[in-house]
Amino acid sequence: MSSLVAPLNEAVTAGQKAAALDAAMIAKLTQMAGDFAINLTIAVIILIVTVFASRWACGLTRRALSRVRGFRHDPTVLSFAVQVVRVLVYIIGFIAVLQRLGVQTTSIIAVLGAASLAVGLALQGTLSNVAAGVMLLILRPYRVGDLIDVGGRVGKVQRLDLFLTQMSDANNVKIVVPNAKVFSDTILNLSGQKTRRMEVKFNVGYGANLNAAREALIGAASAHPQVLPDPEPWAGVTLLKDSSVEMTLQAWTKSDDYWQAKADVLQAAKEALDAAGLEIPFPHQVAVPYAKGRPSRASAAPGAGRKTRSGKASDPSPGDAHQDSGGEG
8 MSSLVAPLNE AVTAGQKAAA LDAAMIAKLT QMAGDFAINL TIAVIILIVT VFASRWACGL
68 TRRALSRVRG FRHDPTVLSF AVQVVRVLVY IIGFIAVLQR LGVQTTSIIA VLGAASLAVG
128 LALQGTLSNV AAGVMLLILR PYRVGDLIDV GGRVGKVQRL DLFLTQMSDA NNVKIVVPNA
188 KVFSDTILNL SGQKTRRMEV KFNVGYGANL NAAREALIGA ASAHPQVLPD PEPWAGVTLL
248 KDSSVEMTLQ AWTKSDDYWQ AKADVLQAAK EALDAAGLEI PFPHQVAVPY AKGRPSRASA
308 APGAGRKTRS GKASDPSPGD AHQDSGGEG
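In the working numbering, the protein residues as written are 8 to 336.
In short, the hints are calculated from the structure, not lab data. Quantities reported herein were computed from a predicted structural model and do not represent experimental measurements. Heads up, none of these hints are tricks.
Below, a list of computed lysine to aspartate or glutamate pairs in the EDC-like style, where the Cα atoms sit at most 16 Å apart: (1) Lys208 <-> Glu222; (2) Lys269 <-> Glu206; (3) Lys188 <-> Asp168; (4) Lys201 <-> Asp264; (5) Lys163 <-> Asp176; (6) Lys181 <-> Asp153; (7) Lys277 <-> Glu206; (8) Lys163 <-> Asp153; (9) Lys201 <-> Asp237; (10) Lys181 <-> Asp168; (11) Lys261 <-> Asp271; (12) Lys188 <-> Asp156; (13) Lys163 <-> Asp263; (14) Lys208 <-> Glu278; (15) Lys261 <-> Asp153; (16) Lys261 <-> Glu206; (17) Lys208 <-> Asp271; (18) Lys277 <-> Glu222; (19) Lys208 <-> Glu253; (20) Lys261 <-> Asp237; (21) Lys277 <-> Glu253; (22) Lys201 <-> Asp153; (23) Lys261 <-> Glu239; (24) Lys181 <-> Asp156; (25) Lys201 <-> Asp263; (26) Lys208 <-> Glu286.
Using the sequences provided together with the hints, build the complete structure.
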């Protein structure tokens with residue numbers, strides 16, 4: 008009987024130990040789950056606070072820069088600075104969230120520091136856009152609202168970001184250009200100056216009265232209300248072409264009135280030339296009939312044949328007859 012009691016006591020003791028171990032594991036898991044839930048809740052709160060903090064910091068930055076006289080009416084600097092502040096606040100909040108969740112951010116920073124060369128090489132295009140954006144912000148070859156020409160694409164600047172420059176063309180098509188491409192290319196700021204000169208060219212015949220044509224062009228430009236009187240419009244002969252005389256009209260307008268004023272001056276100048284009886288020549292094509300084997304009128308004329316070395320005239324070839332007939336026509 009005693010031999011049965013001992014194993015039974017050992018089994019009861021083992022069961023009690025197992026139950027205690029299970030209870031300890033359950034308590035530990037419960038504690039870990041509770042700590043994780045608390046940390047997760049705090050991390051979510053930190054994330055929410057980060058969002059509101061970024062908005063508050065952006066608003067504070069915008070108000071602070073608005074008080075600076077040089078940046079008060081410059082939306083380019085305002086939008087760029089606000090975006091930089093927003094990114095910095097989000098980075099700080101993201102690090103705080105990782106720390107609260109138990110991630111060792113120091114080790115992550117160390118790994119990123121060791122791999123900075125590889126990351127820099129992999130992101131050299133992106134980093135070059137950031138550097139170009141900073142240089143564009145410092146040099147400011149254009150601002151938000153300016154009409155620029157970059158790589159043959161003309162558009163009004165809507166926004167300058169850390170990575171991109173956003174424009175919209177005359178058809179309201181959105182154009183997005185990387186800052187590195189903008190900074191490395193030629194930038195034409197079409198609205199960077201208060202005034203702008205238009206230059207339109209007309210062709211008149213060689214028999215036309217050039218003084219009358221000049222007066223007609225200047226009069227058409229001077230009569231337009233958006234053409235500036237100072238500098239006054241100018242017109243003159245700029246090129247002698249094969250079948251016409253090129254005359255150039257130059258007039259100054261405000262940059263905002265340039266396109267409509269140029270269209271109006273073109274129409275007014277054309278009407279002024281018509282009223283003065285000056286015709287704008289245009290290319291003509293003349294069809295010359297040619298029949299193979301028949302001598303042309305030029306070849307039938309005395310001395311029309313080619314001369315040989317002996318001084319005698321020879322009959323022209325069909326090709327020569329065609330050239331002569333073309334010249335006759």
